[in-house]
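If you want the building blocks of each chain, they are given just below.
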Amino acid sequence: MTETTHIPVAKRPVKWGRVMDHSILILGSLFMLVPLLMVLQTTTTTDLETIKNGPEFVIGDRFDDNFMAAMFKASGFSGENTGLRMLINSLILGIGFAIGKIVIGMMAAYALVYFRLRFATLAFWLIFTTLLLPLEVRILPSYEIAQQLGLLNTYTGLIVPLIASATATFFFRQFFRSVPEELVEAARIDGAGPVKFFIDILMPLSQTMIAAMFIIMFVYGWNQYLWPTMVTTEEGMYTLVRGIKQLTQDLEGTNIPEYGRANMLALIAILPPVLVVIIFQSWFVKGLTESDK
Amino acid sequence: MKRAGFATRWLPILLLLPQLAIIAVFFYWPAAHAVKSSFYLEDPFGFGSSFVGFDNYIHLTGSSEYGRIAKFTVLFTVLVTFFSLALALLLAVKADNVIRGAKTYRTLLMWVYAVAPPVAGFIGLLMFNQSWGPLTELAKSIGWDFKLGVNFNDTAFAMVLVSVWKQVPVNFIFFLSGLQSIPKSVREAALIDAKSSFRRFWDVTFPLLAPTGFFLLIINITYALFDTFGVVDTLVKGEPGNNPMTLVYKVYVDGFRGNDMGGSSAQSVILMVLVLALTVFQFRLVERRIHYT
Chain A
1 MTETTHIPVA KRPVKWGRVM DHSILILGSL FMLVPLLMVL QTTTTTDLET IKNGPEFVIG
61 DRFDDNFMAA MFKASGFSGE NTGLRMLINS LILGIGFAIG KIVIGMMAAY ALVYFRLRFA
121 TLAFWLIFTT LLLPLEVRIL PSYEIAQQLG LLNTYTGLIV PLIASATATF FFRQFFRSVP
181 EELVEAARID GAGPVKFFID ILMPLSQTMI AAMFIIMFVY GWNQYLWPTM VTTEEGMYTL
241 VRGIKQLTQD LEGTNIPEYG RANMLALIAI LPPVLVVIIF QSWFVKGLTE SDK
Chain B
1 MKRAGFATRW LPILLLLPQL AIIAVFFYWP AAHAVKSSFY LEDPFGFGSS FVGFDNYIHL
61 TGSSEYGRIA KFTVLFTVLV TFFSLALALL LAVKADNVIR GAKTYRTLLM WVYAVAPPVA
121 GFIGLLMFNQ SWGPLTELAK SIGWDFKLGV NFNDTAFAMV LVSVWKQVPV NFIFFLSGLQ
181 SIPKSVREAA LIDAKSSFRR FWDVTFPLLA PTGFFLLIIN ITYALFDTFG VVDTLVKGEP
241 GNNPMTLVYK VYVDGFRGND MGGSSAQSVI LMVLVLALTV FQFRLVERRI HYT
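As given, the protein sequences belong to chains A and B, one line each in that order.
Once you know that position 31 of the first sequence is 31 in full-length UniProt numbering, the rest is easy, because the numbers rise by one and skip nothing.
Once you know that position 160 of the second sequence is 160 in full-length UniProt numbering, the rest is easy, because the numbers rise by one and skip nothing.
Just so you know, not all the hints are guaranteed correct.
[What the hints assert, rightly or not] Computed far set for chain B versus chain A, every beta-carbon distance over 10 Å: (1) Leu41; (2) Gly62; (3) Ser63; (4) Thr77; (5) Phe122; (6) Ile123; (7) Lys140; (8) Val150; (9) Phe152; (10) Val186; (11) Ala190; (12) Ile192; (13) Arg199.
[Said to hold, decoys possible] Once the Cα atoms are required to be at most 25 Å apart in a straight line, the calculated DSS-like pairs of lysine-lysine come out as: (14) Lys73/A <-> Lys52/A; (15) Lys184/B <-> Lys15/A; (16) Lys103/B <-> Lys15/A; (17) Lys184/B <-> Lys286/A; (18) Lys52/A <-> Lys140/B; (19) Lys195/B <-> Lys15/A; (20) Lys140/B <-> Lys237/B; (21) Lys103/B <-> Lys286/A; (22) Lys52/A <-> Lys103/B; (23) Lys94/B <-> Lys195/B; (24) Lys147/B <-> Lys36/B; (25) Lys147/B <-> Lys52/A; (26) Lys237/B <-> Lys73/A; (27) Lys184/B <-> Lys195/B; (28) Lys184/B <-> Lys94/B; (29) Lys94/B <-> Lys286/A; (30) Lys71/B <-> Lys237/B; (31) Lys71/B <-> Lys140/B; (32) Lys103/B <-> Lys184/B; (33) Lys15/A <-> Lys94/B.
[What the hints assert, rightly or not] Label pairs and their in silico Cβ distance ranges: (34) Ala189/B <-> Leu122/A: 47 to 53 Å; (35) Leu30/A <-> Phe281/B: 54 to 60 Å; (36) Ile142/B <-> Leu30/A: 16 to 22 Å; (37) Leu48/A <-> Ala194/B: 56 to 62 Å.
No wet-lab data here; the hints were simulated from the structure.
Positions of the beta carbon are idealized from the N, C-alpha and C atoms, including for glycine.
Could you put together the complete structure from these sequences and hints?
Have a look at this one:
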């Protein structure tokens, strides 16, 4: 990039500090990136090639074959858990979870911030106590309850129990509280009721917040592992991330492990949330750093 | 609540209802259930259960296996938290320094945020593959015969490495946004007062980042305790055996595999108390920060 300037290179003193900064950043980026590149390389070669030589610095020509195998070949007993099926299930979980969380969270936050309620404090504490305990510590009783309610192997059972925490509610409560008070007063003087105020004023104001929350929640839902592992036993209900467990077991059990197919599935499990995060980076960062303040 | 709230009676109740219903069924019920069954001994074949008081807890405190796992969990948490915070801080400070390529570095350093923990574990399995894994080869070249899943320390090393890899991006995002919110005037004043960039970092930047760092500390401890489940589960390939495991993984193994509901619930309750203490601590901090900003 120095070619475009007319100052001779020799006259510029080398800034060793800058060189150092860039070196550390490049090393850091490689630390994050190399594992993905390795997965990428193995999806372009044959399984035998990978088993014999490991990952190499060449790009093979088997990407299409591996992709087809990953998408349309099933590995279980039922023949239902193709990559395509798992991809659809992952999308349903990610999108369903994000929408559910946002709708329920916005409703509750609106009620808490904009209404005079007698039991508001009680509701507040009931809701925000859920922030204290992650699903992992109450996983077994949650499973038993899902079982009693007949929710095993259903999308409802997959999504709804995950919504039982108040992260989105907390986020929207913080945001609504930062909305100027004058807006409600003005709306009331103009004769707008609570429903009209919510739809015509608060919703348009919240657009960026909703987008940010959607990205964070989509990634969170898509990446769920423990709960889907417990609540789905039918292979047709597997998500990509839940299917990872089966992949590791498949790789263990066979003579010629299907690295091409398995790594392609891992890649398919990684790409959608990663792309969402990269494409909507600024919204995502804003949502993340503001929600936790 | 806003001072100028709406006075409608039924609407806020209607708005709160879905949230309250979901957390009642999938949060309070299972949490209460866990506390209750921690005082019972359940017949492994499902023939009823009997009240045993604190026996499950006493059994746990006396168990050398539980003690060993608790010790490992503490060590694991300390290592993961320290290394992911330190690495992220270093990278954030450097990314904040450079102008050229700043956006590219930011993207390269944060995309792993969207990778699910079990998928990260799966990639770890490939990197440490016994016959061709690049990291196994690297270890061999310095005379380290790396045996993932066989050697306790090697497996623990891989768990820490994968967990750190997965956690650096979150910390990086928060540190970078913390750095970027330091006012320009403060930086310029520091530039005049202190010549060495090292001094500037310790005397000015670091104290200003302390609130972010403290908040991240809690986030990282919670991550290492709970969210690493997927990493642990894939790296031990679902076969705990003599492999290292964390307390949350033990809850799952005892309850879901070993059918020891009472013991598993008692472990859940211990973890609940632990998280409660951590989060109450964090909440007090958060409330303070809201007041001052």
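Consistency of the hints with the structure:
1. Leu41: holds, 15 Å
2. Gly62: Fine: 22 Å to the nearest Cβ keeps glycine 62/B off the interface.
3. Ser63: Label holds. Min Cβ-Cβ 19 Å, cutoff 10 Å.
4. Thr77: holds, 14 Å
5. Phe122: violated, 5 Å
6. Ile123: violated, 5 Å
7. Lys140: Consistent with the label, lysine 140/B stays out of reach of chain A, its closest Cβ about 12 Å off (over 10 Å).
8. Val150: Nearest chain A Cβ is 13 Å from valine 150/B, so the label holds.
9. Phe152: Fine: 19 Å to the nearest Cβ keeps phenylalanine 152/B off the interface.
10. Val186: holds, 19 Å
11. Ala190: Answer for alanine 190/B: holds, closest chain A Cβ roughly 16 Å.
12. Ile192: At roughly 18 Å from the nearest Cβ of chain A, isoleucine 192/B sits farther out than 10 Å, so the non-interface label holds.
13. Arg199: Given that every Cβ of chain A is farther than 10 Å from that of arginine 199/B, nearest at about 14 Å, it holds.
14. Lys73/A <-> Lys52/A: Measuring from Cα to Cα gives roughly 24 Å; hence the hint holds.
15. Lys184/B <-> Lys15/A: holds, 22 Å
16. Lys103/B <-> Lys15/A: OK: lysine 103/B and lysine 15/A at ~21 Å, within 25 Å.
17. Lys184/B <-> Lys286/A: holds, 20 Å
18. Lys52/A <-> Lys140/B: This hinted pair holds, its Cα atoms lying about 17 Å apart.
19. Lys195/B <-> Lys15/A: holds, 16 Å
20. Lys140/B <-> Lys237/B: holds, 23 Å
21. Lys103/B <-> Lys286/A: holds, 15 Å
22. Lys52/A <-> Lys103/B: violated, 39 Å
23. Lys94/B <-> Lys195/B: holds, 18 Å
24. Lys147/B <-> Lys36/B: Violated. Lysine 147/B to lysine 36/B sits at ~42 Å, over the 25 Å cutoff.
25. Lys147/B <-> Lys52/A: holds, 19 Å
26. Lys237/B <-> Lys73/A: Holds, because 22 Å separates the two Cα atoms, which is no more than 25 Å.
27. Lys184/B <-> Lys195/B: holds, 17 Å
28. Lys184/B <-> Lys94/B: Judged against 25 Å, a Cα distance of about 17 Å means the pair holds.
29. Lys94/B <-> Lys286/A: Since the Cα atoms of lysine 94/B and lysine 286/A sit roughly 21 Å apart, the hinted pair holds (cutoff 25 Å).
30. Lys71/B <-> Lys237/B: holds, 22 Å
31. Lys71/B <-> Lys140/B: violated, 29 Å
32. Lys103/B <-> Lys184/B: Within the cut-off at roughly 20 Å; holds.
33. Lys15/A <-> Lys94/B: holds, 14 Å
34. Ala189/B <-> Leu122/A: 47 to 53 Å: At 48 Å between Cβs, range holds.
35. Leu30/A <-> Phe281/B: 54 to 60 Å: violated, 36 Å
36. Ile142/B <-> Leu30/A: 16 to 22 Å: holds, 19 Å
37. Leu48/A <-> Ala194/B: 56 to 62 Å: 60 Å Cβ-Cβ, so the 56 to 62 Å window holds.
Going through the hint list in order, the structure does not satisfy hints 5, 6, 22, 24, 31 and 35.
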